[in-house]
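Novice: In case you want the letters, here they are:
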Amino acid sequence: MGFATETLAEIGPGSNSTLAFDVARVREDFPVLQQEVHGKPLTYLDSGASAQKPRAVIDAMREIQETCYANVHRGAYYFSQHLTDRYEGVRKTVAAFLNAASDQEIVFTRNVTEAINLVAHSFGNGFAAGDEVIITEMEHHANIVPWQLLRDRAGITLKVVPIAEDGSLQMEAFEAMLSPRTRLVAMTHTSNVLGTVNPMKNIIRLAHKAGARVLVDGAQSAVHGKVDVRELDADFYAFTGHKLYGPNAIGVLYGKAELLKEMPPFLGGGDMIRSVSFAETTFADPPHRFEAGTPPIVETIGLGAAIDYVNAIGHDAIAAHEAGLLAYATERLQQIEGLTIHGTAKDKAAIVSFSLDGIHPHDIGTIVDREGVAIRVGHHCAQPLMACLGVPATARASFGLYNTPSEVDVLARALEKVKDLFG
Amino acid sequence: MEDALRDLYQEVILDHGKHPRNHRHPPEANRSARGYNPLCGDQVTVYLAADDSGCIQDVAFEGQGCAISIASASMMTEVLRGKTETEARRLFDDFHRLCTENDFTLDQAEAEDREALERLQVLSGVREFPVRVKCATLAWHAMTSALSGGGEATTE
Numbered sequence: 001m002g003f004a005t006e007t008l009a010e011i012g013p014g015s016n017s018t019l020a021f022d023v024a025r026v027r028e029d030f031p032v033l034q035q036e037v038h039g040k041p042l043t044y045l046d047s048g049a050s051a052q053k054p055r056a057v058i059d060a061m062r063e064i065q066e067t068c069y070a071n072v073h074r075g076a077y078y079f080s081q082h083l084t085d086r087y088e089g090v091r092k093t094v095a096a097f098l099n100a101a102s103d104q105e106i107v108f109t110r111n112v113t114e115a116i117n118l119v120a121h122s123f124g125n126g127f128a129a130g131d132e133v134i135i136t137e138m139e140h141h142a143n144i145v146p147w148q149l150l151r152d153r154a155g156i157t158l159k160v161v162p163i164a165e166d167g168s169l170q171m172e173a174f175e176a177m178l179s180p181r182t183r184l185v186a187m188t189h190t191s192n193v194l195g196t197v198n199p200m201k202n203i204i205r206l207a208h209k210a211g212a213r214v215l216v217d218g219a220q221s222a223v224h225g226k227v228d229v230r231e232l233d234a235d236f237y238a239f240t241g242h243k244l245y246g247p248n249a250i251g252v253l254y255g256k257a258e259l260l261k262e263m264p265p266f267l268g269g270g271d272m273i274r275s276v277s278f279a280e281t282t283f284a285d286p287p288h289r290f291e292a293g294t295p296p297i298v299e300t301i302g303l304g305a306a307i308d309y310v311n312a313i314g315h316d317a318i319a320a321h322e323a324g325l326l327a328y329a330t331e332r333l334q335q336i337e338g339l340t341i342h343g344t345a346k347d348k349a350a351i352v353s354f355s356l357d358g359i360h361p362h363d364i365g366t367i368v369d370r371e372g373v374a375i376r377v378g379h380h381c382a383q384p385l386m387a388c389l390g391v392p393a394t395a396r397a398s399f400g401l402y403n404t405p406s407e408v409d410v411l412a413r414a415l416e417k418v419k420d421l422f423g
Numbered sequence: 001m002e003d004a005l006r007d008l009y010q011e012v013i014l015d016h017g018k019h020p021r022n023h024r025h026p027p028e029a030n031r032s033a034r035g036y037n038p039l040c041g042d043q044v045t046v047y048l049a050a051d052d053s054g055c056i057q058d059v060a061f062e063g064q065g066c067a068i069s070i071a072s073a074s075m076m077t078e079v080l081r082g083k084t085e086t087e088a089r090r091l092f093d094d095f096h097r098l099c100t101e102n103d104f105t106l107d108q109a110e111a112e113d114r115e116a117l118e119r120l121q122v123l124s125g126v127r128e129f130p131v132r133v134k135c136a137t138l139a140w141h142a143m144t145s146a147l148s149g150g151g152e153a154t155t156e
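Residue numbers (this note's numbering), protein chains in the order written: chain L, 1 to 423; chain P, 1 to 156.
If you are wondering where the hints come from, they were derived from the structure by calculation, not from laboratory data.
Any given hint might turn out to be false.
Derived BS3-like pairs: lysine-lysine, alpha-carbon spacing no greater than 27 Å straight-line [stated by the list, open to error]:
hint : chain 1 : residue 1 : chain 2 : residue 2
1    : L       : Lys226    : L       : Lys209
2    : P       : Lys18     : L       : Lys201
3    : L       : Lys256    : L       : Lys92
4    : P       : Lys18     : L       : Lys417
5    : L       : Lys159    : L       : Lys92
6    : L       : Lys226    : L       : Lys346
Using the sequences and the hints given, assemble the complete structure.
Specialist: This is the structure in structure tokens:
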């Protein structure tokens, strides 16, 4: 299976590799990176939207379907039991990945969006008119709309923490917003547009002091560095597989056991019950209480393989590599006249949003695509943030563990071509 | 620079994109509609001043967007003045085919104003860029929505 397995064998799963990070070898693990687009080598700079998959993940998913596929939690036969063990084994892998106290605190969802909706419906079930939920200006629509829907259902008040010019959170404004009515702070760990990494440990400490719980949207964070939910003291933490080099349609909601235990079900159906009669149904304990219906079995196995892969390379190695890419991309892109970078917070992930004077991001995207460069252009599902920045849209390059400084050069040269074309 | 890109971003398109014609809100406008492209957030509002017989006396737009959507809106305002509602709709049908059908030629056009279609032909480079067809047709969708009584047209 290539690099991941070899490294795993050398250093053991879960440890932080001290081996030199060899990006050329890492790239060999990702078959799609060998592709050409419009006759040019693919330069994939859209991992923030969805990351490419290593062979280890693709193989794990194929292997399941070729050798032992069955439904889980149901069968008395060998395949079903075997796959149930592997499926539940991934729960343990995820728990270790987040340093959760127990695998029973790991709920599988489709994605972060579903995880947030689960919290809004189930944990938010007890919220009443006048209760407050705090979000921020830098949220993805996935962490805005579920709370607006809850506002419409329950009459809660939604408060929005503003951002500073550099794209960092205005912490004083946040502190001032906390009140005895604050039930929940729902906040992104890392902005998908600005790259800003929020000081989550401090935010959680302040929220807890005010008696509020905290849900962290970790979609962009679990990818770039180690997440330790116990060190953070997060009450809920959500991330998704497809940004973590795993498959899509599998996400994770971590919730503290004491909270999950008291929460009503989200979706009803099979697999989430203890017993059902027409008169009365009793529900399973967490996490299964929140997993109605046949889960994404193959995808869950793929997520486990993705976490093994990331662990084998090591968070520190990935973080260091990406910090180098961010520094170089920032420096290189700033040399382009007329280019503005949105988001310059001190603590920042390898995500660079930018504008070119007088040229719409959509045109940038089309032109650099012809150079084989895949970047995201548009509002990034963060229209309120676009309004704050005063732009209709931005272009965004987001980097993953397989990107190289020479790909930054390819992007920079492609952007010069955009400027040439527009004169 | 490759040919497809040069075809898409021709000088006349870049010019209309940078210096759109009829980018204003005419006070006598009696019909309008907003066009919205959810993919990129681009929006334009098209204003029509139509007389009692449905003839378009003035047409203008406001909004922001990419070079393609703004150039298309700008060129649309230039060709629609003086057109009847029926002719305006025919022009959109032909223009849409121009932007999507590789084998479409002006001989197949329904609209009478061939000269207008010849001018609009400069936008047919979007054929090679299917995701950009929505940019080229955004203002046109808004225009037909305005003719039908307003509201919002989306490219979805």
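Novice: If a hint holds in the structure, say so; if it does not, say that too.
Specialist: Cross-check of the supplied hints:
1. A hinted pair counts as satisfied when its Cα atoms are at most 27 Å apart, and L/Lys226 with L/Lys209 qualifies at roughly 25 Å.
2. About 47 Å separates the Cα atoms of P/Lys18 and L/Lys201, which puts this hinted pair outside 27 Å; it is violated.
3. At roughly 15 Å between alpha-carbon atoms, L/Lys256 and L/Lys92 fall within 27 Å of each other, so this suggested pair holds.
4. For the hint pairing P/Lys18 with L/Lys417, the CA-to-CA distance comes to about 18 Å; that is within 27 Å, so the pair holds.
5. Simply put, L/Lys159 and L/Lys92 have alpha-carbon atoms about 36 Å apart, too far for the 27 Å limit, and the pair is violated.
6. As the CA atoms of L/Lys226 and L/Lys346 are separated by approximately 18 Å, the hinted pair is consistent with the 27 Å bound.
Checked against the numbered hints given earlier, this structure breaks hints 2 and 5; the rest are met.
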